[in-house]
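A.B. asks: So the protein lines, in turn, are chains A and B. Heads up: the first sequence runs through residues 27 to 574, numbered per the working numbering. Heads up: the second sequence runs through residues 202 to 495, numbered per the working numbering.
If you're looking for bench data, these hints aren't it; they were derived computationally from the structure. Note that the coordinates shown come from a computational prediction; the quantities given were computed from them, not determined experimentally. Do not rely on the hints blindly, as some may be mistaken.
[What the hints assert, rightly or not] Cβ pair distances, simulated, as ranges:
(1) B/M221 to A/A363: 33 to 43 Å
(2) B/A379 to A/E235: 44 to 54 Å
(3) B/M221 to A/T480: 24 to 34 Å
(4) B/T327 to A/Q117: 35 to 45 Å
Ideal Cβ positions, reconstructed from N, Cα and C, are used throughout, including at glycine.
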Amino acid sequence: MSDPLLKVEGLDVLFTAYGQTRQVLRDISFTVGAGERVALIGETGSGKSVTAKAILGTLPRNATVSAGRIEVEGRNVLDLPRSARDALKGQAFSLIMQDPLSSFNPVFKIGSHLDDVLRYADRRAGVRASTSERRARIAAVLRRVQLADPERVMNAYPSELSGGMRQRVLIGLALLHQPKLLIADEPGTALDVTTQDEILNLINTLVAEEGMALLMITHNLGVVRKVADRVVVMRHGDIVETGPCTQILHAPAHDYTKGLLDAVPPLYGARVQTQELSEKPAIVSANALYKEFGRGARRFQAVRDVTVTLREGEIFGLAGESGSGKTTVARMMMGLARPTTGTVTVEGTPNPGRPLAQIVYQNPGTSLNPKRTVKQSLSLPLKRAGLAGAARDARLAELMGLVRLPVSYLAKYPHELSGGQKQRVAIARALAADPKVLILDEPTAALDVSVQKTVIELLLQLRAELGLTYFMISHDLSLMRNFCSRLAIMLRGEIVEEGPTPQVFAAPQHPYTRALIAAIPVVTDAEERLKPAVTPEERQAFLVTTTD
Amino acid sequence: MAQIKMALDGADKDLSAGYMMWYRFSRNPAAVIGTLIVLSAVICALLAPWITPRPQDVGAVVNFRARHLPPDAQHWFGTDKVGRDIFSRAIFGLRISLLLVIGVLGISVPIGTVLGLVAGYAGGWTERLITGLTNVMLAMPPLVMALAVSNLLQPTLMNAMIAITLLWWTWHARLIYAVSKSVASEDYIEAARIAGAGPLHILFREILPNCISVISVKTTLDAAFVILFGATLSFLGFGVKPPTPDLGSMVADGRQFMPDFWWEVLCPGAVILYVTLGFNLLGDGLRDMFDMEG
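In isolation and in its complexed conformation, chain B is listed as follows (with noise of 0.2 Å):
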């Protein structure tokens, strides 16, 4: 098997990285579809005011005329109970849950890879208090978690986040632990503190680096559970405030009219779905990209 290997090794060697991970990734039709949902979905995101038919609908706006229309050529999703435009504010609500992914993992994120390295490197108390810490965080369920902070505070996008955030960084921090504690070690992490390096260099110049990989790969296929419980909170009622579209409020408000106005309900659902598949399938194809097992 090794020789085997290194005989590809050799043979690999005038291909750059960059263009093998490239040829992974561009063979894997799953990836390609992936990156072209999320592509697509960012972009509606970005020109919902300009791209939407009825961008006044995303308000408190009353049409009675127009109520629990099904979909046609003019309303592609149907309108609903007071006879606003669902494509419109399916759109629109696709801005919130990219906003509230953005705002979840972009505070876990780092939060959750800097304790994950620490706790990784250094070992002895500091390990076991993070690793404490996170554990007991994760034995919490996330749902009943979410719902009491958002019952202490304000029901809106900001309090939702600041929910969701609360308990994401532990499972970035588990993760990385674990890459972190195998990298450390490896014999250039030993070589590198001989050579005189500090603590800060170790962690963030040489760990950090063997890190990304596992850390995009997590945080894309996270945005997808991130944008899954901010439609539960908002479906709950513990999300967004009404006047404003978004996904899960939007199936809520749909549900007390199924069958009947199945439109509703679907729709949002299906955008939800779209979503959340396309940074699945990307995570997959990153995974697959970066040659990780599992």
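For reference, chain A alone in the conformation it holds in the complex (with noise of 0.2 Å):
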């Protein structure tokens, strides 16, 4: 085999800050063949997307290459002055980017970006091109990643498309020049399953249309089974394993792969866990309930017709893509927000000063106020409930034993704190208060999958502990295969099918749930095959149009 498209040699990368140096990376060797699909894989901080800014050349100014030798088609990029450097940027690779949104500056509309993008990779390559021409070429390439309309497409400002339509805008961007390799940073990362999956298969079929190589960049085990052929695992800055897909996903040879894919939820299979059903009595029910937001022409039902019940014990999983309602159901049924019309009824007395619910949020960078300690954080739940002095530090150090972690963190700052530990405090909060219920908002979706399984599994343990209840918000399917006992998918404000985890999965009844499932992304082939099969129609059904 002659030069590979990109090889990646001995790299070394540090990172500069208050006066003190780190290496990010160290000793990366890769190499992408051309047509080849190859997958660089890892957790927050292993130095994925580092790599990727190395070879474009976008490193932030504080990091320095120290060593090693990055080669496009046989040429050190690394010895190229500037310019010669930037000239590839287009031509020799490629980027998609992460996030749809803030990729596009919001005044300008999607065409005006295109042109200006083409008109200096023109300037650069010495070729003169009209406005009507370049015009063509974009909607040409717009046809390309499947916008059915270019015409409108190039008309709107970036807030008047959806996400799905976005990424795809930005798929096309990297497309304008033929590239020989594309990187793509988490792409659809940010997007609901169903898209994130149509999202997969355009990069997919373009890959293997245009005979481009695909560098991959994700944390995700299910999309690399999907678009890659060579998978790269990273940690801390490391390579710890390079192998081919199949191998890697189904004999992982390095103890932190395995741990890795062990941490993956699966969806079917042995490894499936599932939760006994509760037969005890409802806690809160909901009847009828219907929320309206605005006013006039603008009004729309967030929520329509949606009747649940919470019974003691359970974990109840209330499924479904943005924008469907359900973190609306939630807080309606806990009482922060007010049913247009229905009913919400609490079963049974609550104990005075102790709260029904408390919530767990989604984000815990969030959740927790940056200015207040760990300590501060938690007291004022206990101070609400009339505990001072002495006894308040013992519930305190009592409250850290629950969620382990050791006392001394009591006195951290949250920036002080790995996400996996400000969601642990943010737990012990909401557990300060003695509630009967805990309502996790998406409880792990802002931490990697292997802190995920710790978190999941100290719910899990507390829930024994302390004779809890959860109602769980996710639109994370295979998680909540294994969490929780009974499922409801909303889609749209209703509730479309409901009943007892296991069930919902063996015999889907609604086609919407179907298509969720069969959207996820798994790890093993055998998951692959026991999916739900999907008729195209159905998906168009109930899909986000992402293509009109």
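Take the two lone chains and join them into the complex the hints point to.
C.D. replies: Here it is in structure tokens:
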């Protein structure tokens, strides 16, 4: 084989911050051949994005490449002058960025965005083209990414497009110049599973048709199975394992990779955990809830005719994609929002001073006040419960013990904690008031899989120890399969399916449930085969249209 | 981007927030210079009676033999029309200026902060009332307003202070309102409310700590403006009464002898510039230290 398209050899990258230098990448070596699909996988802080930035030449100013070579078609790009390096972008390789909204300037139309990119690329290449010629080329590219009405897309502002459409435009942007290598940084991660699934299918199709090579950066092992031939596993700036996709996923050699795979909640198969159904009486029941937002012509129904019962001791899961109204339902059931019509009944008499429910939020980074220590955050509900002095200190220590954190962490500020530790503190705060119910609003969505696993285990232990009831809101069905005892699926404000979790997954009744389950990226081929079959018509009927 | 930030966050974990802020501050020459200037001005003002060569010149002293002397070794800033040492008077003038800063900001910053916090968190009618009042006050030209107030009352330091204070809280109220409103929508505020926190706890324990950086930067930058504003009022004759040395009125006094006795305007003017610059540099330095945008 001649020179591979991209060859990274012994790459070391240092970051200097606050007078200290840290090595972020250590001896990174891998290759991407022409037409090959390679995935860089790793958790937060593994250095996968830094690697991509080093290849693109967009490292921040405080980063230095201290050793190694990055060869593109045999030429070391690190030796090239700035202008020659810039010229590679868009021609040798293109980048698909992670966040489809913040990648666009909101005041420019999509068309002028694409036109700018094309005009500067043309100028670099010494090509002269008229505006109408460029417009024709842009329309062609937009059609390539399955945006059926290029004119309308070009005349739209970024905010007028859905997340999936914006992601498609970003892909189109990367395709403007037929690059040989496409670098994709977590594409579709911010989108719903069904949209993400479509985006991955699109990337796969394009890579195959255009004969491009793909470097996919992701933390999701399911995504890897879908789009990669070869996998590079990274951890703390080192490569721990490299190999063909099937080998990495089915017979990993390194313990870290094994742990990573083990942490992914399985959708089907022997490893699936099933939570037992609760036979106890209901704690909260909601009857025919409706919720409307807005007034007059802009009024819309966020929730329509939702009737659910939360039984004591169960883990009830409310699944749905963004905008389906699941959070609104949870808030109404816990008395945090008023339904427009319908009733919420709380069974039994709640103890005075003991709230019925507390919430654990999705993002521990924003649910803890950055200016208050763990102790201050936890003391608030205790003060409310009338605890003071030694009794409060004892309870604080007890809470820290419950969430398996050392008592010394009480003095820390949130920014001194990792994401998982922050979420533990948030759980401790929710437990401090001694509630009966915890509302879990996507409690692990912002965490890495391995951290997610420990947090979920902690939640299960706490439920057993304290006899808690959980009401979980999430879009992560594979997690819910293992964590929830009963499941309801919401679509556009309505519950379309409800039942014991194993039953919902074994025989999904509603086509939307089938489409949702089918879109989940899974790790093994065996699971892929067990997914329910979905016809293209069914998909089209329930997906947010991204191609109109 | 997010990934790199996270990698960095991980690297910073064992550095305390205080160390990182000090690092940013101490590596910023402008911030260090600003601190030194402000410190020197404060020390001079505090020790004025002991470090000035002629503290007796501060009062209504007349020494016509020494009038209009140019700067020399004895009189660093020269002398004025009645023979008083301008350097000594300028140092005492600094005292007045800093007193004005303490008085004005000491009253207007707490008022503005509390009103801003309440407006941002409470919403509804309270919000509309406070922001409405703030906007009405902001619509008045500050100098005209201050002149009107000092005209109604006697032109004294106290009244100048009142005049400036009446205007100054609005800027703080507006700024803190914006911060408070954005903080109030954070998850941790709702979490605190669900945990049973009362409005006072939320305002002063949860929201206020997140405003401290903004308040300290704004207050420092404001100190410079208050000094300038006070000097302007004195220059126009609405500030401190004549025998008391004030930088603004010293400039006004010297104005009639320009350009022959230039030092009588330029030297007090330079002191105003010096201390204002110091506060501005310090404010910018603090802003960089807190890593704020804009």
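A.B. asks: Is 35 to 45 Å respected by the C-beta to C-beta distance linking B/T327 and A/Q117?
C.D. replies: Roughly 59 Å apart at Cβ, these two residues miss the hinted range, so it is violated.
A.B. asks: Tell me if the beta carbons of B/M221 and A/A363 are separated by a distance inside 33 to 43 Å.
C.D. replies: For A/A363 against B/M221, whose Cβ atoms are near 39 Å apart, the range 33 to 43 Å holds.
A.B. asks: Range first: 24 to 34 Å. Now tell me if the beta carbons of B/M221 and A/T480 are that far apart.
C.D. replies: 29 Å, holds
A.B. asks: Can you tell me whether the CB distance of B/A379 to A/E235 sits inside 44 to 54 Å?
C.D. replies: Given range 44 to 54 Å: holds, Cβ gap about 50 Å.
Going down the numbered hints, you'll see the structure goes against just number 4.
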